[in-house]
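Chemist: Listed below, chain by chain, are the residues.
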Amino acid sequence: MMHLADAAISLELETPEMTLNVGPQHPSTHGVLRLKARIDGERIVEVDPVIGYMHRGYEKLAEVRTYPQIIALLNRIDWVSGYANEIPFVVAAERLMEVEPPPRAQYIRLILTEMARIASHFLFMASYPMELGAASPFFFAFRERERVLDLIESVTGGRFHPNFNRIGGVKPAAGAGATTKTVIQDLPAGFYAETRIAMDKVLAVCDELEDLIVGNEILLARTKGVGVMSAELAASYGVSGPNLRASGVEFDLRRTEDYLPYDDFDFWVPTGENGDCYDRYVMRVHEIRESCKMILAAIDGIPSGPIIAKVPKVIKLPKGEIYMRAESPKGEVGYYLVSEGGTGPYRLVVRTASFSNVSVLPVLLEGVLIPDLIAIFGSFDFVLGDVDR
Amino acid sequence: MSDAQSESLSPHDDLFVYAEHVYDVVGFADPVAVRNRTVKAFVKRDRWVDALQKAKNDLGLVFFSWLSAIDWTNDVQVGDPPVGHVKERFEVLATVADITEGRRVTFTTDVPKDDARIDSLSKVYGGANWFERGAFEMFGIEFVGHPSLRKLYLPEGFEGNPMLKSFPLLSREIRPWPGSVDVEPMPEASS
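From first to last, the protein sequence lines are chains A and U.
Residue 322 in our numbering is what sits at position 322 of the first sequence, and the numbering runs on without skipping anything.
To convert, take the position in the second sequence, counting from 1, and add 1000; that gives our numbering.
Calculated directly from the structure, the hints in this document are not laboratory data.
Note that beta-carbon positions come from the ideal geometry of N, C-alpha and C, so glycine has one too.
Just so you know, not all the hints are guaranteed correct.
Derived Cβ-Cβ restraints for the label pairs, each shown as a range [said to hold, decoys possible]: (1) U:P1168 - A:G341: 48 to 58 Å; (2) A:L369 - U:P1147: 51 to 61 Å; (3) U:G1102 - A:V50: 31 to 41 Å.
Subject to a maximum C-alpha distance of 30 Å in a straight line, what follows is the list of computed DSS-like cross-link-like pairs (lysine-lysine) [claimed, not checked]: (4) U:K1056 - A:K316; (5) U:K1087 - A:K319; (6) U:K1054 - U:K1087; (7) A:K224 - U:K1113; (8) U:K1056 - U:K1044; (9) U:K1044 - A:K319; (10) U:K1165 - A:K36; (11) A:K60 - U:K1165; (12) U:K1165 - A:K319; (13) U:K1087 - A:K316; (14) U:K1113 - A:K201; (15) A:K60 - U:K1087; (16) U:K1044 - U:K1165; (17) A:K319 - U:K1113; (18) U:K1087 - A:K36; (19) A:K313 - U:K1165; (20) U:K1123 - A:K36; (21) A:K36 - A:K313; (22) U:K1151 - A:K60.
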C-alpha cells in the first residue's frame, strides 16, 4: 500500500541512476580490481566486483608440477606475505608423508612467518591512510617495513618470494649440509642482533603510527562507524583473520591449528568492538606488536639442531587427501591436497583469504556513500593476486 | 559409521568422537575420512543443502571456508592419472568451520557428469556465491537456485571448463615440461 503523498515525494527527489566504474586501474585497488557501482546521487545502490584480471590458474598449474616446484608457485599468490603462503602447503605434504620437521626448522618458520605478517601489515598501515588522504604514516611504515624485508632477505635470499621451505624443513644454506649439527649456517651471522634492533624500531614506530591515527580527527571521522560488519555476516562469507577479529570474534588459527610451535608462546589475540574500518585498522597495529614479541621470544628460545628432516630425494606423497589451513596475515589460507601417490598432486584446491574477504564487499557497500567506498574496501587489506589466484 | 576409515587413529581420539557427533547430529552424513583435524563427511546429492543447513544451525559450523570440485577420471590430459580405476564423476567439496574451537568438517558429494547439477548453498552461506561461480566456470557444474550464475574469473565468451582433466594445459602443449635443458631422466625415489 503506498500513500499518494509518499509517491509525490519520491517522484520529486528521484535522481537518475548512474553507473560508476572504479578500476581496474585505480590507485586504491591494490592491483586490478574493478567495481561496477550503480549509484543514485551520492549513494551506492549496488556494487558488482569484477575480478579475474590477474587469474593465473594456480590450481591447474599445480596439477602438472612436482611438490617442490609448487612451493615456488605458492609464494606468488599473495606476494606481500609470500612466506606465510608456503607454510600450510609444506605442512600438509609433511603430514601426508608423516615427516616431522626438526624443532629448529619449525622455529625458523615461525620467525619468518611473523616477519611476513609484520611486513604485510605495515603495507596496509601505510597504504590505507594514504587512501584516506593521510600521507605521513606511509613513510613511517615503509621505513620499518624495509628493515623487516631486509631480515627476510638475509635468511632466504628473497624479499618477496623466498621459496625457502622444503618438505621436511627449511632450505639449508650453501655448504651447510642437511643435517649439520656442529656448524649451523642456517641463519646468517648477526641475525639475532639485527632482529633485536629491528624489532625495537618496529615497536617504536607502532606507537608513532597509532598516535598518527588515533589523534587524527579526519581519519577517525572517516573510519569510525563506517563499514560495520557483524560477526555472523563475516563468518557466513568466510571473512577471516584480522577482519573477522575486528568484528569481535576471538579466533586465531595460530591457537587452534598446531602447524607451528605457537603453543610455546603467549600472545594476545586482539578483538575489535564495532567491526568498523577503524577496528580493522587498529587490529593490525596490535598484531604487529604481538608478532614482534613473539619473534623476540623465539630467537631467545630457538633450539639448535638440524633444520631439515631426512626425506627422499624425489618427493612422492602417499595416496590420500588432506586439508591444512594456517593464519596468514590476511586470514585463513588453506590447501586441500589430493595425492594419488605421484610426484605431484591430482588436485590442489587453493583457499585464499582475500578472495573471501572481497566477496563480502557487495553486501557491505550497499547503500553507503561514494567516499566511503574507498574507505571500506581499503580497510579489508586484500591483494589482488590473493583474490584471483 | 560402517565405512569410516580411521586412518591410524584410535577410537578414543578426540576427532573420532567428533566425527560420530557429526554423524549423530546431521543424521545422513557419513564420515568417510578422519584426519588432521578434519572430518570428511559424505552426503547424498539431494540432501546437500539440508546437510550444510544442519551443520550451520546444529553443529555451529558458521564459517564458510571454501567450496570446490574434483574431476575424477582415468582419462586425463594433464598430470598423472589416478592409480586405480575411479568412477567417472565430479566430487563437490565444501568445508565449513566454527569460529570458537577450530572444528571443521568437509562435506562431500558425488555429482554425475551427464547430469552435472547440484543445489546452491548461497542461501545458507553467503560466501558460497563466488565459490559456486568459480566451480561453475571451471568444471561446468550447474548450481540450481544460485542468484546469478555467471563467470567469475574468465572473460565473457571463453569456451570450455579449464579445470576439467580433459582440458589440456596450453603452455604445456606448446613446450613440454621439463624443458629441453633437463635432458636427464628423473632419479628414482630412494629413502
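Chemist: Quick one: which hint numbers does this structure break? Sort them smallest to largest.
Modeler: When the structure is compared with the hints, numbers 1, 2, 4, 7, 10, 14, 18, 21 turn out to be violated.
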